[in-house]
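Visitor: So the protein sequences, as listed, match chains A and B. By this note's numbering, the letter at position 24 of the first sequence is numbered 24, and the numbering carries on one by one without gaps. By this note's numbering, the letter at position 31 of the second sequence is numbered 31, and the numbering carries on one by one without gaps.
It is worth saying that the hints were derived from the structure and are not from the lab. Any given hint could turn out to be false.
[Stated by the list, open to error] DSSO-like cross-link-like pairs, simulated, lysine-lysine; straight-line CA separation at most 30 angstroms: (1) B/Lys52 <-> B/Lys77; (2) A/Lys66 <-> A/Lys41; (3) A/Lys64 <-> A/Lys98; (4) A/Lys41 <-> A/Lys64; (5) A/Lys14 <-> A/Lys98; (6) B/Lys77 <-> B/Lys56; (7) A/Lys66 <-> A/Lys98; (8) B/Lys60 <-> A/Lys55; (9) B/Lys60 <-> A/Lys98; (10) A/Lys98 <-> B/Lys113; (11) B/Lys77 <-> A/Lys20; (12) A/Lys41 <-> B/Lys101; (13) A/Lys20 <-> B/Lys52; (14) A/Lys14 <-> A/Lys55; (15) B/Lys52 <-> A/Lys66; (16) B/Lys113 <-> A/Lys64; (17) A/Lys20 <-> B/Lys56; (18) B/Lys101 <-> B/Lys113; (19) B/Lys68 <-> A/Lys64; (20) B/Lys101 <-> B/Lys68; (21) B/Lys113 <-> B/Lys52; (22) A/Lys66 <-> B/Lys101; (23) B/Lys60 <-> A/Lys20; (24) B/Lys56 <-> A/Lys55; (25) B/Lys52 <-> A/Lys98; (26) B/Lys77 <-> B/Lys113; (27) B/Lys60 <-> B/Lys77; (28) B/Lys101 <-> A/Lys14.
Here is what each chain is made of, one letter per residue.
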Amino acid sequence: GAVVSQHPSWVICKSGTSVKIECRSLDFQATTMFWYRQFPKQSLMLMATSNEGSKATYEQGVEKDKFLINHASLTLSTLTVTSAHPEDSSFYICSVRKQTDTQYFGPGTRLTVL
Amino acid sequence: GDSVTQMEGPVTLSEEAFLTINCTYTATGYPSLFWYVQYPGEGLQLLLKATKADDKGSNKGFEATYRKETTSFHLEKGSVQVSDSAVYFCALTQRNTGGFKTIFGAGTRLFVKA
Numbered sequence: 001g002a003v004v005s006q007h008p009s010w011v012i013c014k015s016g017t018s019v020k021i022e023c024r025s026l027d028f029q030a031t032t033m034f035w036y037r038q039f040p041k042q043s044l045m046l047m048a049t050s051n052e053g054s055k056a057t058y059e060q061g062v063e064k065d066k067f068l069i070n071h072a073s074l075t076l077s078t079l080t081v082t083s084a085h086p087e088d089s090s091f092y093i094c095s096v097r098k099q100t101d102t103q104y105f106g107p108g109t110r111l112t113v114l
Numbered sequence: 001g002d003s004v005t006q007m008e009g010p011v012t013l014s015e016e017a018f019l020t021i022n023c024t025y026t027a028t029g030y031p032s033l034f035w036y037v038q039y040p041g042e043g044l045q046l047l048l049k050a051t052k053a054d055d056k057g058s059n060k061g062f063e064a065t066y067r068k069e070t071t072s073f074h075l076e077k078g079s080v081q082v083s084d085s086a087v088y089f090c091a092l093t094q095r096n097t098g099g100f101k102t103i104f105g106a107g108t109r110l111f112v113k114a
């Protein structure tokens, strides 16, 4: 498999502030990482595909100016939620694709915006 | 478009009972099929996978067979344990023009009582 970490595991912030979430591939150089959002008791929704050294590809309906993604190295991708609001509260999960069709997920980051 | 449908939960079983969680899919081409498991407060973990018709994926006593004729990938376990309590996601991964894309089912929550 592949080992993926996320930091922080949980964060509480005030409305209007920005929050950065890190996703690290610890044992694998990942040219592509994925960011998902999961609402309580719901499935995962793909937000964007993070490509090392280039711009992320966002899914339809996801605001790229609100959810900034930076994939500066083969082991690190960051998701910044800018000017967060309570409706952005969610569980954010990243993943890497090591083989052609198998994903390995991070443990997730729970964001609560007050 | 591609889709995954799995049985609604929650499913509540007694320890050592037989488990079936139904999953059917709609896809063009020949997707790979997966079952992921999510324990409380954690990200998803790959449970098993199958990449072509009639393949059987198995892990930790769980099994699922890729049935192209019925477009199904039902998850089974002969004797569940309390530690199997989690949310189970059926998913397919398909190659498209932009690379690989994964579609998740809505998830089925399993409670196992001692």
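Visitor: Looking back at the hints listed earlier, which ones does the structure fail to meet?
Guide: Going through the list in order, the structure violates hints 5, 8, 10, 11, 13, 15, 16, 17, 18, 19, 21, 23, 24, 28 and respects the others.
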